[in-house]
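Engineer: Taken in order, these protein sequences are the chains called L and C. For the first sequence, the working numbering assigns the number 868 to the initial residue and increments by one for each residue that follows. For the second sequence, the working numbering assigns the number 37 to the initial residue and increments by one for each residue that follows.
None of these hints come from the bench; they were simulated from the model. A portion of the hints provided could be inaccurate.
What the hints assert, rightly or not - Partial pick of chain L residues on the chain C-facing surface, computed with a CB cut under 10 Å:
no.: 1; residue: A948
no.: 2; residue: G1068
no.: 3; residue: V1188
Claimed, not checked - Here are the simulated lysine to any residue pairs, SDA-like style, with alpha carbons at most 20 Å apart:
no.: 4; chain 1: L; residue 1: K1310; chain 2: C; residue 2: K127
no.: 5; chain 1: C; residue 1: K75; chain 2: L; residue 2: Q1317
no.: 6; chain 1: C; residue 1: K124; chain 2: L; residue 2: D1244
no.: 7; chain 1: L; residue 1: K1233; chain 2: C; residue 2: R76
no.: 8; chain 1: L; residue 1: K1310; chain 2: C; residue 2: R521
no.: 9; chain 1: C; residue 1: K127; chain 2: L; residue 2: Q1317
no.: 10; chain 1: L; residue 1: K1326; chain 2: C; residue 2: K127
no.: 11; chain 1: L; residue 1: K1326; chain 2: C; residue 2: R521
no.: 12; chain 1: L; residue 1: K989; chain 2: L; residue 2: S975
Treat the numbers as computed from the prediction; the structure is a model and nothing was measured. All C-beta atoms, glycine included, are put in the ideal place defined by N, C-alpha and C.
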Amino acid sequence: MAPGKKITARIKRTLPVKGPQAPTLSELMRWYCLNTNTHGCRRIVVSRGRLRRFIWILLTLSAVGLILWQCAELLMNYYSASVSVTVQFQKLPFPAVTICNINPYKYSSMKDYLSELDKETKKALETFYGFSEGKSKVRRSVDEWNSTGSDFFKQIPLLKFEDFSKTATDLRSGQKRKIEGSVFHKDSSIVNSGDSNDIIGFQLCDANNSSECALYTFSSGVNAIQEWYKLHYMNIMAQIPLETKEKLSYSADDLLLTCFFDGLSCDKRHFTRFHHPLHGNCYTFNSGENGTILSTSTGGSEYGLQVVLYIDEADYNPFLVTSTGAKIIVHDQNEYPFIEDIGTEIETAAATSIGMHFTRSRKLSKPYSDCTETGADIPVENLYNKSYSLQICLHSCFQKAMVDSCGCAQYAQPLPAGAEYCNYKKNPNWMYCYYRLHEKFVKEQLGCQQICKDACSFKEWALTTSIAQWPSTVLPSVSPLRTDLANLMVFYKDLNERFISENPANTLVILLSNFGGQLGLWMSCSVVCVIEIVEVFFIDSLSIVMRRQWQKAKKWWNDRKRERPGKPPQADNLERQCHDNPVCIDEDLPTFNTALRLPLPQDNPLPRTPPPNYSTLRLETAFTEQLPDTLEVGQH
Amino acid sequence: MNLKKYFVRALHRLQKGPGYTYKELLVWYCDNTNTHGPKRIIKEGPKKKLIWFFLTLLFASLVFWQWGILINTYLSYNVTSSLSIGFKTMKFPAVTVCNANPFKYSEVKHLLKELDRLIEAALERILQPALGNSSENASPPLDLRLWHQIPLVLIDEHDKDNPVILDIFESNQACSHQGSDNCTYRNFTSAAQAVTEWYILQSTSILSKVPLQERIRMGYQAEDMILACLYGAEPCNYKNFTQIYHPDHGNCYIFNWGMDEEALNSSNPGAEFGLKLILDISQQDYIPYLSSAAGARLMLHQQKSFPFLKDQGIYAMAGTETSIGVLVDELERMGYPYSDCTNNGSDVPVKNLYSQYNTSYSIQACLRSCFQNHMTEICGCGHYMFPLPEGVNYCNNEDNPGWAYCYSSLRSSITHRQICIDSCKETCNDTQYKMTISMADWPSEASEDWIFHILSYERDMSTNVTLDRNGIIKLNIYFQEYNYRTISESAATTIVWLLSSLGGQFGFWMGGSVLCLIEFGEIIIDSLWITVINVISWCKGLKQKRAWWRLTPTWASSTRTQVPSPGTRRCPPSPAPPRPTTTRCVCSPWTSSVPTAMQKLSKQHAPAPPHGKLPSPCSVCHLLSNLLLFIEIRKELKSPGCAPLPDGSL
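Please take these sequences and the hints and turn them into a complete structure.
Structural biologist: Written as structure tokens, this is what we have:
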């Protein structure tokens, strides 16, 4: 015997081969039904009568269906969250309050930088609307025009369109000229184009490719002039270094006249300066910079922050800002104050009291909801030196896109590493690029809104404002200053903190016990019976079917062989012999019968010698049925 | 015949049940059930049997107690609310802006001329009651027709029980049309309030006669009112606004109503991405007595919903920039049976009159429609504040002289209000816009020159400034950093929860399932069947007994203690051929005597052979034999060949 065969024989001896529990499918089913722990199946077998058996089969099948359905429901509802709201009374930390003047820089000190731009604007107003402040002033500026005209206004003049026939009046020459390029807002979702005859706007062209032009139109001249002014203003401001800008803006002494907190007097040392690109110097009360955060132990306006602000209305830039007052924002010490977006405005000549209500909220992150804990998993670099928020992400994302596509950074947002602010001298193309990009950003084509996610936990101060006239008219001494003063009170309405937190509604334990409940209710089934089912229905049934197919195929093969002339009887005999001969098993799957009829006759010398011919093979068979054959041979 | 056969067969099949006696059935059930307790009761020894019996009872009662609690919990239909706050891309709310004043005074002056003169005279009287007569000479005679319909009166309440009522013009025609019983007085503490209310009542009565087109023309036009508009970075103009006529505020304009076009989305927080409007309210053209507040009325509401400005609108002051940060507050309720709300109003029994504006259902719309329906039913005309049902006109003093009285009595009636409140339901998805409002002066002193100039030029094409600080309003409406707060209800207990809890309890205590319950039901049916069989045989036994006693009445009465012994009565063998008996059981009454038959009947209650051992034809045979036996006895009684009993009592 070959060593390989020896090993296989040995394996077979030591590891007894066992097939499925029954030779046929129906017997297997019967065996399963009698031995399973699920309830329905046993009943099918135990019950007498065809009717009863049929009913039990039906019931069992419907129970299986119900289990599947209910478990699917449980799985689908697994990821839902419940929310708990707790209200606590405690000593509350006072939030940071950032106060800015709406006007960023003193107009008087900005004159040097903005004189040209202002002249241009006034000229535009005169040309288009016949507006002039004082005849003499304008005339002088017109005289000066040619001498100081800078390159930069020539590029982006204000234009006035007579209907949509693509002719426009140029501000500078007063001439009509043809306008090429796509009109930007023409096919936007919202504007009704082609109606009024006095549309005003400006044209931005790609500096590298002058045929690429974008036309910005506005339905009102107020918006157009402000927008145009702001564009040029940013150009100028981008060239001024930060230290100079801080000097040009309001100092703490300028802005804050008196200050009280928690009934005690405070001064400018309690405020931290913070330079905002669009609002100049802002002052943050309780910024937590020196490590201490003030807190209040009593609610009410007496114990909050009370400030009197001096708003120097005469020194306002007429074109940049059109409203008078201050802007404040209440925020956490770690948050960046987005004053331009969500600031609250404060009126002059009035006392504004702002009551706060503190809410803290905490969401569960993935997979319960799509929010981020720290912002670290978001592929946008946080340009602000503060903790993550949606606003920070959106602005950083835009700035990144701006640096990538325009090569310089937008003025209103912080600088990324290695970039500098756009100005006309260095990046002549930036305006066109910026507007294109901004358009895309608003229309959600930049993908920023998709990348940026909510923060999972946040603090919110809900504000309730009320306004009263201040100072009252009976105080004559302050009356000349009246319109320049604003009184502001920020306080906690009550000292309760609302904490909204999410907790998972389902745990794995609940899921499993619900599964168990469902399986038990319908069929008294358990994980064991699931395993049984897998064993019987998949492994055993499959092997039975496979074996049958194998035998069929083999039989067919042998039949074909037998039909062939030459050695058909040999094949027939070999097959018949192999049915029970353990030696032949090697080429065959272990059958039920062979498995039962082991052992292997080990020391049987007979099969070792290969049968030489037809007759000896017959002689050496071990079966009694073949006796007549041997007799026949004997008679020969 | 087939039917009968079928029934007999079904009978057989059912009879193949687990046994013929209750005890047998019970034992069989305990042995074969899948609930875990009963098996032990059968299998264990006598002491353990008792323990197991009580344990099983205890666990079964525990299970039922728990099931009761669970089902009760489910049927209470509790909800859990979940709250979420954050920012997401949302539909920008519809913004309705109106002027506080409904019509331009210059346009309606000719209609209100009489009324104005009347109110001026009345004011004069109120202010100087003593000098009244002397000053009247100068003015032309007043037309008192309007006055007589609803006069202004002074009520002197110095004497509480007997107030003195004085008409201001001293005409005694109070409550002229329907007698003084039908008068109601609305009293005010301040003359200013009374005069305003009176003026509103009179002027609306006058203006309701003017056709709608004319009224729209008399109001403020969009191009005059909306001077500048910017949404995000896109310009918009007055053509993006939908005009709607509001009875109190005249022409109102709705931005982003979502009727014809898609609603606009906003995906960025902050003022830069919101709506910026500049409005002109031209305060100099206000109707002097009608509206005392000057400004713009505005309201944020859902797309396709009707703006109820008078109830939910806010004012924006002239000469200021009003910034409104919006937080969308959504409430999502579960429908029936969790809470009583409606999805689209189709199940509310009130006809929604606001559906003519193509707007969706809201509880405000429902309450108003309900009131208007009542009004048209009772007063015969519709109130000008609400839309009209079909075929009804608005009330005015000429056609419906008593409408004001009818209206005020209807309005103060609590029962009518209650009917409306009861029939109207809240909407299941409720959206409100929480606003954080802040104001700053606008335009600033430095910039007001050029701003006014440009705006006047654009509106009137003139180089002169036609606008001033009193008439101009700037509005910024934008989403806050957290723009939604959603409170959504979800069912605290679902049917899935109920079933898994039921299954958990049953499985935990008894290892049972629904199939066990069905088994139990099967056993009950079996025992019912046994009962039926027993009852039938018992009845038959009773009849037989009766028949027996009738056969031997005197014998029975004389020898009651005597047991009739077999062989006392002898009947000749029946002439009918004996029925072939293929089964082992004896079922031919002809071969046996009557007393043996009786004994057989009386033994019917004895335990029958165990289930399945009795061949089925035999059991039918038993039934049949009983019947035949009965017939045979009757026959015997009549047959002359029957030997009389020894005592000859028959």
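Engineer: Does each hint fit the structure? Answer for all of them.
Structural biologist: Checked hints:
The interface hint given for L/A948 is met, as the beta carbon of that residue sits about 7 Å from the closest beta carbon of chain C, less than 10 Å. Proximity of L/G1068 to chain C holds as hinted, the smallest CB-CB distance being about 9 Å (cut-off 10 Å). A distance limit of 10 Å between C-beta atoms decides the matter here; for L/V1188 the minimum to chain C is near 7 Å, and the interface restraint holds. Distance check on the hinted pair: L/K1310 and C/K127 sit about 14 Å apart at the alpha-carbon level, within 20 Å; holds.
Among the hinted pairs, C/K75 with L/Q1317 is inconsistent with the structure: their alpha-carbon atoms are about 63 Å apart, more than 20 Å. Proximity of C/K124 to L/D1244 is assessed by CA-CA distance (about 19 Å); at most 20 Å being required, the pair is judged to hold. Simply put, L/K1233 and C/R76 have alpha-carbon atoms about 50 Å apart, too far for the 20 Å limit, and the pair is violated. This hinted pair does not check out: L/K1310 and C/R521 have alpha carbons roughly 24 Å apart, beyond 20 Å.
This hinted pair checks out: C/K127 and L/Q1317 have alpha carbons roughly 17 Å apart, not beyond 20 Å. At roughly 24 Å between alpha-carbon atoms, L/K1326 and C/K127 are farther apart than 20 Å, so this suggested pair is violated. For the given pair, L/K1326 sits about 14 Å from C/R521 by alpha-carbon distance, which is consistent with the 20 Å threshold. Taking the CA atoms of L/K989 and L/S975, the gap is about 17 Å. The hint holds against a cut of 20 Å.
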